[in-house]
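Asker: Sequences and hints are given; from them, build the entire structure.
For what it's worth, the working numbering labels the leading residue of the sequence shown as 2, then goes sequentially.
There could be a bad hint or two in this list.
Distance condition first, Cα-Cα at most 30 Å in a straight line; then the derived DSS-like pairs of lysine-lysine [what the hints assert, rightly or not]:
{"no.": "1", "residue 1": "K197", "residue 2": "K184"}
{"no.": "2", "residue 1": "K143", "residue 2": "K49"}
{"no.": "3", "residue 1": "K143", "residue 2": "K225"}
{"no.": "4", "residue 1": "K49", "residue 2": "K199"}
{"no.": "5", "residue 1": "K137", "residue 2": "K49"}
{"no.": "6", "residue 1": "K204", "residue 2": "K49"}
{"no.": "7", "residue 1": "K195", "residue 2": "K143"}
{"no.": "8", "residue 1": "K96", "residue 2": "K199"}
{"no.": "9", "residue 1": "K96", "residue 2": "K225"}
{"no.": "10", "residue 1": "K195", "residue 2": "K137"}
{"no.": "11", "residue 1": "K184", "residue 2": "K143"}
{"no.": "12", "residue 1": "K137", "residue 2": "K184"}
{"no.": "13", "residue 1": "K184", "residue 2": "K96"}
{"no.": "14", "residue 1": "K204", "residue 2": "K137"}
{"no.": "15", "residue 1": "K184", "residue 2": "K195"}
{"no.": "16", "residue 1": "K184", "residue 2": "K225"}
{"no.": "17", "residue 1": "K49", "residue 2": "K96"}
{"no.": "18", "residue 1": "K137", "residue 2": "K225"}
{"no.": "19", "residue 1": "K49", "residue 2": "K225"}
{"no.": "20", "residue 1": "K204", "residue 2": "K184"}
{"no.": "21", "residue 1": "K96", "residue 2": "K204"}
{"no.": "22", "residue 1": "K137", "residue 2": "K199"}
{"no.": "23", "residue 1": "K195", "residue 2": "K225"}
Taking CB as the label site, the calculated pair distances span [what the hints assert, rightly or not]:
{"no.": "24", "residue 1": "T150", "residue 2": "T62", "range": "30 to 36 Å"}
{"no.": "25", "residue 1": "N47", "residue 2": "R126", "range": "17 to 23 Å"}
{"no.": "26", "residue 1": "P61", "residue 2": "K143", "range": "36 to 42 Å"}
{"no.": "27", "residue 1": "T101", "residue 2": "M135", "range": "37 to 43 Å"}
{"no.": "28", "residue 1": "R110", "residue 2": "K184", "range": "35 to 41 Å"}
{"no.": "29", "residue 1": "S183", "residue 2": "N68", "range": "45 to 51 Å"}
{"no.": "30", "residue 1": "K49", "residue 2": "K225", "range": "23 to 29 Å"}
{"no.": "31", "residue 1": "A154", "residue 2": "T76", "range": "30 to 36 Å"}
{"no.": "32", "residue 1": "P201", "residue 2": "N47", "range": "31 to 37 Å"}
{"no.": "33", "residue 1": "R158", "residue 2": "K197", "range": "36 to 42 Å"}
Hint data in this document are derived by calculation from the structure and do not stem from the laboratory.
We put the beta carbon where it would ideally sit given N, CA and C, even for glycine.
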Amino acid sequence: MQNQLKKKVVGITIGAAIAIIAFAIFFSVLQQQQVQPPPPTQAAHNPKLGLVVMPPTQRPTLQEVQNAYSQAASTGIGRSNVYLSWPNIEPIQGKYNWGTSDILMGLNREQHLNVTLYFSVINNRVFGQFPNWMDKPQLDQKLENETVTTLDAILSRYYIVDYVIIGGNVDIYFRDHPEEISKYVDFFNGVYGKLKEKHPNVKFGNWFSLNDIVNHYEKDIVSKLNQGDFVAYSYAPVDLLYYQSKSPDDEGKNLQKM
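Answerer: Here it is, written out as C-alpha cells:
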C-alpha cells in the first residue's frame, strides 16, 4: 500500500478496547496577599482522538447523555464519532428532522468537540439504509444529487463536523459486489467535488475494516477505493473467530499495514 503514503490516514477504532461508555485551559488569583490554588485543569483535547459516545442505558435520559459526553471529553478526546441515519434525519424529501441531531451536536459543542460524521451510503454488507421516499436507489446521478443535497444541509447546519465518512467498511461490501466498484468511485467523486466547493474545510473519505483486509489479503481494494481526503480504518485485535490469538507485537505489525 505504498501509494497510500500520500493519503492521510485518520483514526482507528480499536474494538472494545476503549470501553468508556459514552453515544474521543489556567489562572491564579492573588487575594489578601495569598495565592489561591487554581481550579482543577481539564485534559487537553486531541483533535485526532475520538470516541463513539454512548450512554450506559438503552433509553437514556438527557442528563445521562450529557454526563456521557462530559465523561468522554474528560479523557482528552478532541472529537466524537456520530452516525446520522438518513431515514431518521430526512423522513420526507426536503423535510429534515433535526430534533435528535441538534441535541447531539449541541452536546459536542458544549464539550468543545469536533465531529466525524458517519453518513454512510454503504454499511458493511448493506447498501443503505435509505429513506422510503427514495424507492430503490442505485449508484447513479440521482443518488449522487440527493446525497449532496442532504449532506450540504447537514454541514451547513453543523459547523463542528469536519470529517465525513461516505462509505463505511466498504471493503466488506465490495468483496461481495466487485462489479460495482467503478460505479461507486464515480458516485464518490461526484459527491466529493460538489460538496468540496461548498465546504472546502471539510474532509471526505471512506472507512475500511483493517481486520477484513488483513484476514482476506485484500490490500489492493484500498487502492481502488482511496478517493477523497483520507482513509479511515477500524480494527479489533482478534482473528476471524474473534479470538485474540496474536501477541501485541504481531498486532502492532498489523497496524503498520494501514
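Asker: Name the hints, by number, that the structure is in violation of.
Answerer: 2, 5, 9, 17, 25, 27, 32 and 33
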